[in-house]
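Here is how the chains run, residue by residue.
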Amino acid sequence: MVVFGLWIINKAGGLIFQRNINDGLAQLSQNEYLVMAGTLHGIHAITSRLSPVGNSSGAQVIEGESFKMTIFLTLTGTKFVLLTSPADNSADTLLPRIYEAYADTVMKNPFHTPEMPIRTEGFDVRLTTLLGS
Amino acid sequence: MAYNVPNSRMSVYSASSVSLNSPPPSSTNVSRFSLAGTPVTPVNTSTTALSTTANNKTRAAIYDRNLNKTRTAQVSLSAYAFLFSEIVQYTQKRVSGIGDLERRLNTIGYRVGTRVTELLAWRIESSSKVPKREIRLLPALVYIHTQVWKAVFGKPADAIEKSVEKDDEYMIIDNDPPITRHISIPRDMAQLSCSALTAGIVEAVLDGLGFPARVTAHSVPTDTFPQRTTILIKLDPSVIEREDALK
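One line per chain: the protein sequences are A and B, in this order.
Taking our numbering, the leading residue of the first sequence gets 1, the next gets one more, and so forth.
Taking our numbering, the leading residue of the second sequence gets 1001, the next gets one more, and so forth.
These aren't lab readings, by the way, just hints derived from the structure by calculation.
Just to be clear, a hint being listed does not mean it is correct.
What the hints assert, rightly or not - Computed spacing ranges between beta-carbons, pair by pair:
#1 A:61 x B:1060: 51 to 57 Å
#2 A:115 x B:1099: 50 to 56 Å
#3 A:2 x B:1175: 32 to 38 Å
#4 A:20 x B:1175: 53 to 59 Å
#5 A:47 x B:1064: 19 to 25 Å
#6 B:1071 x A:50: 54 to 60 Å
#7 B:1093 x A:61: 38 to 44 Å
#8 A:62 x B:1071: 24 to 30 Å
#9 A:62 x B:1226: 36 to 42 Å
#10 A:2 x B:1071: 20 to 26 Å
Claimed, not checked - One-sided and incomplete, this derived list gives chain B residues near chain A with beta-carbon spacing under 7 Å:
#11 1183
#12 1186
#13 1219
#14 1222
Since the model is a prediction, treat every value here as computed from it, not as a measurement.
Where a beta carbon is used, it is the ideal one built from N, C-alpha and C, also for glycine.
Model the full assembly from the supplied sequences, consistent with the hints where possible.
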């Protein structure tokens, strides 16, 4: 029951926020995170077109032996990705609350430029209360 | 904090007070707020013509409405936060520094404040049996601290303090100002306080009550209240002189 990290990917596939919360996964360089985010964005675009009937929301959970990746897609195309341990089931409740914190502290902040990396102190504080350091 | 000419913003006040003294026809009143759906060129349309052209949908001009209709109405804080965020972004694109940005926000607040003064005078004093106007400084400050704050923010401010060093400085303190609750100031603009808008409102109310002052906002974070803001009021020397004469 561990939350490893959080990514926020903008609608163009760029990583605009990345934070490690607990150790457990391999530490990557900033560049590698950017590549991973771009790849995930592509995979998500493919999975959303795979369904033979009607529309699909795209990949929601990607599970591995040591981790689980829960993807929360907002109406505006921003993706919140929470990396947790496979047994963890708190992601479904955490992600909407992270989205809420994002809406409050990032989107209502006049000093944030949409689609650009998030450097907002208030968001960090809210995340710390939600997820721990 | 430079103490500039106290009436540098009088131009705004007089410009808006001209239209207050002689209210134009209601059709032009509506267009001043440039709401979506209102006619853009109402120069020759009278009120009656407006009502017939708009499919008999008569929407009363804001000045024709009962003053108490929206007395207890509340505005969504989220909607307001987005609006204020846009105001700050819009202003920031058109200024050359933090001081300039604060001055512009102050001016916007001033225009809000002139209206708040008038509206509150009608709302609070019209129902009173002995309508009065605050003429002494301390009651005027308490009036701002409670009545104005309640009308604008829905709660009274947290404290009024008098400066220890200077006789002409007073402070109104809000531990968590709702309008800047979601704003994180970047490090390179640390001295900026978006509560300059509130300072403008206070300045206009003080001006309206006859206490000209220079009002600025400063954030004074504490551990329990990271958003704590002080509205610093520096009174015009004439106010101090009058207060002393009235003693």
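Hint by hint, here is what the structure shows:
no. : hint                       : result
1   : A:61 x B:1060: 51 to 57 Å  : 54 Å, holds
2   : A:115 x B:1099: 50 to 56 Å : 30 Å, violated
3   : A:2 x B:1175: 32 to 38 Å   : 36 Å, holds
4   : A:20 x B:1175: 53 to 59 Å  : 33 Å, violated
5   : A:47 x B:1064: 19 to 25 Å  : 57 Å, violated
6   : B:1071 x A:50: 54 to 60 Å  : 56 Å, holds
7   : B:1093 x A:61: 38 to 44 Å  : 42 Å, holds
8   : A:62 x B:1071: 24 to 30 Å  : 54 Å, violated
9   : A:62 x B:1226: 36 to 42 Å  : 37 Å, holds
10  : A:2 x B:1071: 20 to 26 Å   : 52 Å, violated
11  : 1183                       : 6 Å, holds
12  : 1186                       : 5 Å, holds
13  : 1219                       : 13 Å, violated
14  : 1222                       : 15 Å, violated
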